[in-house]
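These protein sequence lines are chains G and P, in that order. Following this note's numbering, the numbering of the first sequence begins with 1 at its first residue and continues without gaps. Following this note's numbering, the numbering of the second sequence begins with 1 at its first residue and continues without gaps.
Derived from the structure by calculation, the hints contain no laboratory data. Virtual Cβ for every residue (Gly too), placed ideally from N, Cα, C. A portion of the hints provided could be inaccurate.
Examples of chain G residues toward chain P, derived with CB under 7 Å [said to hold, decoys possible]:
1) M1
2) N3
3) E5
4) F6
5) L7
6) I12
7) I13
8) G15
9) W119
10) L216
11) G219
12) K222
13) T223
14) N239
15) A247
Label-pair restraints from in silico Cβ distances [claimed, not checked]:
16) P:N233 - G:K373: 30 to 40 Å
17) P:L7 - G:F165: 14 to 24 Å
18) G:T63 - P:K129: 25 to 35 Å
19) G:T182 - P:E5: 20 to 30 Å
20) G:A330 - P:G47: 33 to 43 Å
Spelled out, the chains give:
There are 2 protein chains.
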Amino acid sequence: MRNFEFLSPTKIIFGKNTHEQVGEVIRSYGYKKVLIHYGKGHIKRTGLYDNIVESLGQAGIQTAELGGVQPNPVLSTVRKGIELGRKENVDFILAVGGGSVIDSSKAIGMGIPYKGDVWDFYTDKTPAKTVPIGVILTIAAAGSETSKNTVITNEDGLIKRGAAFECNRPVFAIMNPELTYTLPPYQTACGVVDIMAHVMERYFSAERNVELTDRLCEGVLKTCISNAQTVMNEPENYNARAEIMFAGSLAHNGYLGLGRTEEWVSHRMGHEITAFYGATHGETLSVMFPAWMKYIYKHDTALFAKFFNRVFDVEYDFFEPENTVLRGIAKLESFYTSLGLKVRLRDLNVDENQFSEMAKKANARGKLGNIVKLDDDDLVRIYEIAY
Amino acid sequence: MRNFEFLSPTKIIFGKNTHEQVGEVIRSYGYKKVLIHYGKGHIKRTGLYDNIVESLGQAGIQTAELGGVQPNPVLSTVRKGIELGRKENVDFILAVGGGSVIDSSKAIGMGIPYKGDVWDFYTDKTPAKTVPIGVILTIAAAGSETSKNTVITNEDGLIKRGAAFECNRPVFAIMNPELTYTLPPYQTACGVVDIMAHVMERYFSAERNVELTDRLCEGVLKTCISNAQTVMNEPENYNARAEIMFAGSLAHNGYLGLGRTEEWVSHRMGHEITAFYGATHGETLSVMFPAWMKYIYKHDTALFAKFFNRVFDVEYDFFEPENTVLRGIAKLESFYTSLGLKVRLRDLNVDENQFSEMAKKANARGKLGNIVKLDDDDLVRIYEIAY
Numbered sequence: 001m002r003n004f005e006f007l008s009p010t011k012i013i014f015g016k017n018t019h020e021q022v023g024e025v026i027r028s029y030g031y032k033k034v035l036i037h038y039g040k041g042h043i044k045r046t047g048l049y050d051n052i053v054e055s056l057g058q059a060g061i062q063t064a065e066l067g068g069v070q071p072n073p074v075l076s077t078v079r080k081g082i083e084l085g086r087k088e089n090v091d092f093i094l095a096v097g098g099g100s101v102i103d104s105s106k107a108i109g110m111g112i113p114y115k116g117d118v119w120d121f122y123t124d125k126t127p128a129k130t131v132p133i134g135v136i137l138t139i140a141a142a143g144s145e146t147s148k149n150t151v152i153t154n155e156d157g158l159i160k161r162g163a164a165f166e167c168n169r170p171v172f173a174i175m176n177p178e179l180t181y182t183l184p185p186y187q188t189a190c191g192v193v194d195i196m197a198h199v200m201e202r203y204f205s206a207e208r209n210v211e212l213t214d215r216l217c218e219g220v221l222k223t224c225i226s227n228a229q230t231v232m233n234e235p236e237n238y239n240a241r242a243e244i245m246f247a248g249s250l251a252h253n254g255y256l257g258l259g260r261t262e263e264w265v266s267h268r269m270g271h272e273i274t275a276f277y278g279a280t281h282g283e284t285l286s287v288m289f290p291a292w293m294k295y296i297y298k299h300d301t302a303l304f305a306k307f308f309n310r311v312f313d314v315e316y317d318f319f320e321p322e323n324t325v326l327r328g329i330a331k332l333e334s335f336y337t338s339l340g341l342k343v344r345l346r347d348l349n350v351d352e353n354q355f356s357e358m359a360k361k362a363n364a365r366g367k368l369g370n371i372v373k374l375d376d377d378d379l380v381r382i383y384e385i386a387y
Numbered sequence: 001m002r003n004f005e006f007l008s009p010t011k012i013i014f015g016k017n018t019h020e021q022v023g024e025v026i027r028s029y030g031y032k033k034v035l036i037h038y039g040k041g042h043i044k045r046t047g048l049y050d051n052i053v054e055s056l057g058q059a060g061i062q063t064a065e066l067g068g069v070q071p072n073p074v075l076s077t078v079r080k081g082i083e084l085g086r087k088e089n090v091d092f093i094l095a096v097g098g099g100s101v102i103d104s105s106k107a108i109g110m111g112i113p114y115k116g117d118v119w120d121f122y123t124d125k126t127p128a129k130t131v132p133i134g135v136i137l138t139i140a141a142a143g144s145e146t147s148k149n150t151v152i153t154n155e156d157g158l159i160k161r162g163a164a165f166e167c168n169r170p171v172f173a174i175m176n177p178e179l180t181y182t183l184p185p186y187q188t189a190c191g192v193v194d195i196m197a198h199v200m201e202r203y204f205s206a207e208r209n210v211e212l213t214d215r216l217c218e219g220v221l222k223t224c225i226s227n228a229q230t231v232m233n234e235p236e237n238y239n240a241r242a243e244i245m246f247a248g249s250l251a252h253n254g255y256l257g258l259g260r261t262e263e264w265v266s267h268r269m270g271h272e273i274t275a276f277y278g279a280t281h282g283e284t285l286s287v288m289f290p291a292w293m294k295y296i297y298k299h300d301t302a303l304f305a306k307f308f309n310r311v312f313d314v315e316y317d318f319f320e321p322e323n324t325v326l327r328g329i330a331k332l333e334s335f336y337t338s339l340g341l342k343v344r345l346r347d348l349n350v351d352e353n354q355f356s357e358m359a360k361k362a363n364a365r366g367k368l369g370n371i372v373k374l375d376d377d378d379l380v381r382i383y384e385i386a387y
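With the rest of the complex left out, here is chain G:
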């Protein structure tokens, strides 16, 4: 086990009707003026927006607002938010939505007090101070509600890039599983896949002596698998939605990676598919993870066999362990397709001729991979397998 430090300062407020407390919660921290940041207006149609405005009003909190965040949030919206936040002199940002809205809020929070360009934080700078954020979560997927991460797409150059700073962890995360009832099946499926991918990127570690976190990862993954069909078939099943939402937060708050190396190749390669073609994040993962596994597993067959035996209940083949892996990858693909997601790049209308360019961009900040370092050529080969 490697040395580590960990602090998760986000207060989790979980359960039915918890969003109605938001005004009281923000007042308890002493904030006065809040920028409400949200997506394309779904929260207005469901009545959630009205509930929030009412709660904030009752607590005597002033508001400004900026909607319009799109999936794979873009820098131009972030810049609008920074401008508005400064003009309105907000001291807090309330993200109402999923990962895109939260990531956009984190970017705005970093940008408001900063004299330079906020994109600096996605290239090489560390923020000295930020406007803090809180979350009302409506999509279980990205885990951004308790994570230090934010991913933004710079439209100028199709660059999708992540940043991770402790100061970006939200002050609180209000998580009411009922708010995810109206999430369409495709987004629900992509969310489950994203949550599981956050765990898998940590599970496939080059560090061997990490039993506790191995087993925690396995538990989160098995919980996702056993509740996935239920949230697809019964979107208003509270308990299943609650398990997935709870799992989504633990999957990406950093705890499951403690003492380990992490992988993140499938995520980074998937980001390029999104940057080039606007593909939904979760579906880039259902395509990339099996392809990555097929290319990589021989470097650590035991680890992949353990994964598929423990998580996907593939019987271990003691004489030909590799068979455990191959059956497992097939089972993983079946699981993804059972959720209605694609597992091949060709089905996402991706152009083979771009693989070389995508590989180059994915490797631009240093070679990907921990189990084994991957050259651009390796990444092209993985894209080809995924095709």
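With chain G fixed as given, assemble chain P onto it according to the hints.
Positioned in the frame of chain G, the structure of chain P alone reads:
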């Protein structure tokens, strides 16, 4: 799943040599004068005390100190600490030790700024403010390093009582598994049993729809079981010591109980054995847990069968599920005895004639039990089974 709130504000600093950072860490929070609180001098013999004093000195932090904390920490030592802390005007308490030292430190931290008697916080009062504490952990067991709990014994009346306040969570916990190398086998075994008991008290919940935390509990327990013999046989095995230390913290920081009801009957009944006879906490649990299970399991055979099948790998008997439980309890007792611990009250030299008095005291603050409420007579019966 029940609604819940959760915040774990303790910064975990985990790994080799991390204790050498303690001066820097305390300085980073701005504290100036620290009360070093510890046990019976073991840390002086190992050189740890000197390392700490050196690190604090290099960081320019002033110190006062109070050693002498005994297992099952007593109120009289807490009162000494409060007096000393006031006289020396300390603004921080550094607990160097295991659960007893940390619990005593939490009590001192509550007592210093309080005008009344610190025992009030163990009966009915809530602290308005506290002197914050940090921890250098030397025993993996109580989980007090990241918990809100403190248990103190009032010598006047042999009352061992717990209190739980969010403000008692340590600011940081430095966890270097190497510091547990010198822990004798008996304390090591008691620690493992205590850690597992903290998880089991949460696992046996009356709430059914708690899959994620069920699986996390199972993972922590399996990690303890698989490393228990190693830490007994190879006290300087870093990886095994690290797994147990990491598990001890997660076992009791509250996360595993989120959304659940909890049980705590075995703990409370064990506290009375300690209060009456000075028995070691861990060994009261190896005695009480099997007895409690034997008396209770018929109220929820499915839950106990699931526990023994998933955690102790007892094959599930589909036609007679009860057999799974009975074989499981026998396996649990064998596990405890394999660690050198007793599983019968008679072997702890407990007097049968005190059962009625002990039961009355254990139930004094409301009837114990969530799976089923237990009268004093039920508790006597459980003590009898344990005898």
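| message | Are any of the numbered hints broken by this structure? If so, which, sorted upward? | response | Failing hints, ascending: 9 and 20.
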